[in-house]
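Asks: Working from the sequences, and respecting the hints, build out all of it.
These protein sequence lines map, in sequence, to chains A and B. Number 152 marks the last residue of the first sequence (our numbering); no jumps. Number 548 marks the last residue of the second sequence (our numbering); no jumps.
Certain hints may be false.
[What the hints assert, rightly or not] Just the calculated beta-carbon pair ranges, DEER-fashion:
#, chain 1, residue 1, chain 2, residue 2, range
1, A, H143, B, Q136, 50 to 58 Å
2, B, D71, A, K76, 27 to 35 Å
3, B, A129, A, D129, 38 to 46 Å
4, B, I323, A, M23, 22 to 30 Å
5, B, I323, A, H22, 49 to 57 Å
6, A, K103, B, T452, 43 to 51 Å
7, A, K76, B, T271, 33 to 41 Å
8, B, A273, A, H22, 40 to 48 Å
9, A, G62, B, T389, 42 to 50 Å
[As the list claims (entries may be wrong)] Straight-line distance between alpha carbons at most 30 Å, and here's what the computed DSBU-like set of lysine-lysine pairs gives:
#, chain 1, residue 1, chain 2, residue 2
10, A, K131, A, K105
11, A, K131, B, K377
12, B, K327, A, K131
Honestly, the hints are just simulated from the structure, not real lab data. Heads up, the beta-carbon is just placed ideally off N, CA and C, and yes, glycines get one too.
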Amino acid sequence: MTSKTAEAAQHTIRRVLDEKRHMPGALLPILHAIQDALGHVPAHAVAPIAEALNLSRAEVHGVITYYHHFRSESAKGPVVQVCRAEACQSMGGEALWAHACGKAKGADVTLEPVYCLGLCATAPAMSIDDKPYARVGATKFDHLLAQLKEAA
Amino acid sequence: MSSIKIYVPRDSAALALGADEVAAAIATQARQRGLQIELVRNGSRGMFWLEPLVEVETPAGRMAYGPVQPDDVAGLFDAGLHTGGPHALSLGLTDNIDYLRRQERLTFARMGITDPVSLADYQAHEGYAGLRKALQLQPGEVVQQVLDSGLRGRGGAAFPAGIKWKTVAAAQLPQGERRAVPSRTAPPPEGDTAEGRGGEPFLQKYVVCNADEGDSGTFSDRMTMEGDPFMLIEGMTIAALATGATRGYIYVRSEYPHAIQTLNEAISNATAAGFLGDSVLGSGRAFHLEVRKGAGSYVCGEETAMLESIEGKRGVVRAKPPIPALKGLFGQPTVINNVITFASVPIILARGAAFYANYGVGRSKGTLPIQLAGNIKHGGLVEKAFGVTLRELMMDYGGGTASGRPIKAVQVGGPLGAYVPEAQWDLPMDYEGWAAVGATVGHGGIVVHDDTADLAKLARYAMEFCAVESCGKCTPCRIGSTRGVEVIDRITRGENRPQQVKLLRDLCDTMVNGSLCAMGGMTPFPVLSALNHYPQDFGLSNPDRKAA
Numbered sequence: 001m002t003s004k005t006a007e008a009a010q011h012t013i014r015r016v017l018d019e020k021r022h023m024p025g026a027l028l029p030i031l032h033a034i035q036d037a038l039g040h041v042p043a044h045a046v047a048p049i050a051e052a053l054n055l056s057r058a059e060v061h062g063v064i065t066y067y068h069h070f071r072s073e074s075a076k077g078p079v080v081q082v083c084r085a086e087a088c089q090s091m092g093g094e095a096l097w098a099h100a101c102g103k104a105k106g107a108d109v110t111l112e113p114v115y116c117l118g119l120c121a122t123a124p125a126m127s128i129d130d131k132p133y134a135r136v137g138a139t140k141f142d143h144l145l146a147q148l149k150e151a152a
Numbered sequence: 001m002s003s004i005k006i007y008v009p010r011d012s013a014a015l016a017l018g019a020d021e022v023a024a025a026i027a028t029q030a031r032q033r034g035l036q037i038e039l040v041r042n043g044s045r046g047m048f049w050l051e052p053l054v055e056v057e058t059p060a061g062r063m064a065y066g067p068v069q070p071d072d073v074a075g076l077f078d079a080g081l082h083t084g085g086p087h088a089l090s091l092g093l094t095d096n097i098d099y100l101r102r103q104e105r106l107t108f109a110r111m112g113i114t115d116p117v118s119l120a121d122y123q124a125h126e127g128y129a130g131l132r133k134a135l136q137l138q139p140g141e142v143v144q145q146v147l148d149s150g151l152r153g154r155g156g157a158a159f160p161a162g163i164k165w166k167t168v169a170a171a172q173l174p175q176g177e178r179r180a181v182p183s184r185t186a187p188p189p190e191g192d193t194a195e196g197r198g199g200e201p202f203l204q205k206y207v208v209c210n211a212d213e214g215d216s217g218t219f220s221d222r223m224t225m226e227g228d229p230f231m232l233i234e235g236m237t238i239a240a241l242a243t244g245a246t247r248g249y250i251y252v253r254s255e256y257p258h259a260i261q262t263l264n265e266a267i268s269n270a271t272a273a274g275f276l277g278d279s280v281l282g283s284g285r286a287f288h289l290e291v292r293k294g295a296g297s298y299v300c301g302e303e304t305a306m307l308e309s310i311e312g313k314r315g316v317v318r319a320k321p322p323i324p325a326l327k328g329l330f331g332q333p334t335v336i337n338n339v340i341t342f343a344s345v346p347i348i349l350a351r352g353a354a355f356y357a358n359y360g361v362g363r364s365k366g367t368l369p370i371q372l373a374g375n376i377k378h379g380g381l382v383e384k385a386f387g388v389t390l391r392e393l394m395m396d397y398g399g400g401t402a403s404g405r406p407i408k409a410v411q412v413g414g415p416l417g418a419y420v421p422e423a424q425w426d427l428p429m430d431y432e433g434w435a436a437v438g439a440t441v442g443h444g445g446i447v448v449h450d451d452t453a454d455l456a457k458l459a460r461y462a463m464e465f466c467a468v469e470s471c472g473k474c475t476p477c478r479i480g481s482t483r484g485v486e487v488i489d490r491i492t493r494g495e496n497r498p499q500q501v502k503l504l505r506d507l508c509d510t511m512v513n514g515s516l517c518a519m520g521g522m523t524p525f526p527v528l529s530a531l532n533h534y535p536q537d538f539g540l541s542n543p544d545r546k547a548a
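Replies: Printed below as a string of structure tokens:
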């Protein structure tokens, strides 16, 4: 990280803290805002958050690592989430997951399992950066991945 | 020339099938043809095999076309879409579609009909009639209406909503208790109550909506938030008036970005129009509502873990008592209900408790928005009064499996619900009747599996999921789930099978009776039901129901 981007990140963290530190139960909204702005919650954010909320750094670190949603490193490329829950399993979700694991290797994407996107009547389901896709088979998956490559 | 109203849903299931692209194609075609149209992004009607479902307003009623892909749009206009003309995708009048016509849509009466964020639309369809009625009543009378309606928690636990509300309404500060020094997590919200300053006793009641709909096979909360959010907001406002709460939170999972966006839009519209804020509809009574976003933890759907999460902590389950109705969010009396529970309240107030209680059977009053999911031909939302059977739902509405193969297993009530064997498919849906045979109604999600399903694998998955999502507070859940995976693996590998089956049953007994919450306490339900009803999948030749 160049010193300039580091400085910008610090500035973002300050701004978020100033904006949200007085909310009741401010920690999750603060972490969401930082991750939305920076793509992840950097390690150097822990100390200022802890100080602003009068928490220990261990408490802040514990919350960040408890929740699957928060990441300590930015995702590589778009985030592709494939549902592995029961309803999607009943329509070939596990085969889709296996296919996705194979295809994601070498592609510039971050593949993650997700447990339910609420698209259970149109399974198997997945999402790319929060955009939902339903009834995804191997062909549709490859098509979507190719579109991502084109866009990149 | 007046403009033609065309509806394309904004529900995420419709979006996932290309609704945005269809809407864009419709706008382009209309422009090219010089037709003046008004494109309304409605909620979904809940017939997902027909999504994206495009509707057009005609003098005879709304005409439906579906499933529409962007490539179909030009042809649809050629066929006279804007006047409801015939086309291969034509489904006739939406209201006449059998799947919809045979339902009893009370809670979901407006679903797919209105523009989700239009207050004018909402009020033109009986919206806010419940709140206006509640404002004419004393808080105790509002609670009584909810009690008399027989409404029970639709999130899964089925606890009578009215009793919860009554407890919160009656909650007082214990004698002599002084307000604690404002803690770092719970600063008393500015300007809420005049008392509670300078060391005086402080009582801030809350209304919290549990919208952490993490169960696979359920999407009625998502549909409500995306398709008719004012109904939830109205229900929560009524709860606030009835209990004396002035602040509310809706805890929505991060996997539902569209629901969060629609809710925020609706809350801001409701606030601007005076339905929320310092003086709800000029009554002088305040209710402030805010959305809180979860962060991908399944167990935060458990109410006390959810409270911890809203307070900014790890989503770890609290021991009960004290119950949240007395010591809930930030230690204050808190009404916690699920989305559908709150969403059922406006119609109860608007039409009266007796109207609602007239539906249903036994102690299961009213209707349930049931979700047909998984391997099913006609998946979607079916709202019916209690008393409907699984066979009716899966066959008459669902049309059997999507794959065309026979149904092998059906899981009802989410990942913690039992697999229900065919012998029980004719049992009327009712909380008590189902509990008696070990089935759970839960949140009304039905996941169908065809005969290719391996129930031993699904049982293993249930334990594995519990191991991944356990909050770690209690041992039976944290360690039991990992041991459960290992034991099931040994059974399927055929290592000392009879002994391992006994071990699995012992382990399940410990989890059921020793876990703090439903996560560990109910994971054994799918596991044991799979073992009992599908022993052959575990490599057991003889039905093992009474073994050990």
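Asks: None of the hints should be skipped; say for each whether it holds.
Replies: Hint check results:
1. Checked against the given bound of 50 to 58 Å, the beta carbons of H143 of chain A and Q136 of chain B, roughly 57 Å apart, stay inside it.
2. For the pair D71 of chain B and K76 of chain A, the supplied restraint of 27 to 35 Å holds, since their beta-carbon distance comes to about 34 Å.
3. Under the hint 38 to 46 Å, the C-beta atoms of A129 of chain B and D129 of chain A, about 40 Å apart, fit the expected range.
4. The hint said 22 to 30 Å for the Cβ distance between I323 of chain B and M23 of chain A, and at roughly 26 Å that hint holds.
5. Remark: the range hint 49 to 57 Å for I323 of chain B to H22 of chain A is contradicted by a beta-carbon distance near 29 Å.
6. A hinted range of 43 to 51 Å is violated for the C-beta pair K103 of chain A and T452 of chain B, which are about 24 Å apart.
7. Here the CB-CB span from K76 of chain A to T271 of chain B is close to 40 Å, well matched to the stated 33 to 41 Å.
8. The beta-carbon spacing between A273 of chain B and H22 of chain A, approximately 27 Å, falls outside the hinted interval of 40 to 48 Å.
9. For G62 of chain A and T389 of chain B, the hinted distance range of 42 to 50 Å is satisfied, since their beta carbons lie about 47 Å from each other.
10. Of the pairs offered as hints, the one joining K131 of chain A and K105 of chain A holds, with about 21 Å between alpha carbons and a cut-off of 30 Å not exceeded.
11. Of the pairs offered as hints, the one joining K131 of chain A and K377 of chain B holds, with about 24 Å between alpha carbons and a cut-off of 30 Å not exceeded.
12. A threshold of 30 Å between alpha carbons decides the hint, and for K327 of chain B with K131 of chain A the separation of about 39 Å lies outside it, so the pair is violated.
Hints 5, 6, 8 and 12, counting from the list given before, are not met by this structure.
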